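Asker: Taking the hints into account, I'd like the entire structure generated from these sequences.
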Amino acid sequence: MHARSAVVDLFGDHLRRRGWWAPVSAVLALTSAVEVAGPATRTAISRLVAQGWLEARAEEGVRGYAATPRARVRWERAHDRVYAPGPPAWDGCWHLVHVDSGGDRRRREQVTRTMTYLGYGRLGSGGWVSPRPSPELEPSLEPLEVGWVAVHGRLEPAQDPARLAGRVWDLDGLADEHHRFARTLAAAPAVAGLRPELAYRERTALVHAWRRFLFRDPDLPPEVLPVGWPGHRSRELFLDRAAALAPAADDYVDGVLASAIR
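Be aware that the sequence shown starts at 254, since it is given in the working numbering, and climbs by one per residue.
It is worth saying that the hints were derived from the structure and are not from the lab.
Keep in mind that the hints are not guaranteed to be accurate.
If you anchor each label on the Cβ, the simulated ranges turn out as follows [to be verified]:
1) Gly406 to Gly355: 34 to 44 Å
2) Thr437 to Arg366: 51 to 61 Å
3) Tyr336 to Gly406: 37 to 47 Å
4) Val480 to Gly314: 58 to 68 Å
5) Glu398 to Ala439: 11 to 21 Å
6) Ile514 to Gly345: 48 to 58 Å
7) Ala439 to Arg300: 28 to 38 Å
8) Ala499 to Arg330: 15 to 25 Å
9) Ala439 to Asp504: 36 to 46 Å
10) Gly380 to Ser512: 49 to 59 Å
11) Ala415 to Pro392: 24 to 34 Å
12) Ala441 to Arg334: 21 to 31 Å
Predicted model, so just to flag it, every value in this text is computed and none were measured.
We put the beta carbon where it would ideally sit given N, CA and C, even for glycine.
Answerer: Listed below in structure tokens is the structure:
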């Protein structure tokens, strides 16, 4: 796991329920538990501060870092997507966005990462489509300084929504990824009796692996997916195991935080 991911996952999965703040020593200890070295964590924190995701803040004389308002909104929404029991109800409409990156290669790459994370698939040059508008679209594109226009509506009656989904997204490749994820969880050892530190480590790895689907799986509605879509099963297995690991993992986080502020 990269240091940046470890820090972001820590804030988004645990510290959001604990005031969005932690002492420096606690962040270092909790990332160390998932085998991220201290210097790498410090570098990741510095970059997250420079990018406006974290801010230095002391509480009762203890130095630490807190998520910025911008980060709280982004990571709260990411948390909701990670733990959603299923895709939202679909109204049959598509959200089509055209982004003008001005021919700048670096900006095109930034747009691609942003739109993919928000659940949009590429539709032609500069075109992106999603089964639902993302509430993060405008605040995510604004810092990139690109022009964009969006339209929300239905396909023509003769056009098949499932065919559009298959054209825009690699559903076969995504299905394979869900099958692999499900097989891994099905073969995982029982949770009962795991020490808190091990439960925290395993839950962090589990959530990190599932969170990666946010960049690849747009959470398409069942109406446009193949029958027997494996993403439903892998989501069910993820939610069950994450819930089983949560009590012991939470005990470990609470213990580390308490030790850091004594």
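Asker: Would you mind marking each hint as holding or not holding in the structure?
Answerer: Here's how the hints hold up against the structure:
no., hint, in the structure
1, Gly406 to Gly355: 34 to 44 Å, "27 Å, violated"
2, Thr437 to Arg366: 51 to 61 Å, "26 Å, violated"
3, Tyr336 to Gly406: 37 to 47 Å, "30 Å, violated"
4, Val480 to Gly314: 58 to 68 Å, "60 Å, holds"
5, Glu398 to Ala439: 11 to 21 Å, "46 Å, violated"
6, Ile514 to Gly345: 48 to 58 Å, "51 Å, holds"
7, Ala439 to Arg300: 28 to 38 Å, "37 Å, holds"
8, Ala499 to Arg330: 15 to 25 Å, "20 Å, holds"
9, Ala439 to Asp504: 36 to 46 Å, "26 Å, violated"
10, Gly380 to Ser512: 49 to 59 Å, "52 Å, holds"
11, Ala415 to Pro392: 24 to 34 Å, "31 Å, holds"
12, Ala441 to Arg334: 21 to 31 Å, "23 Å, holds"
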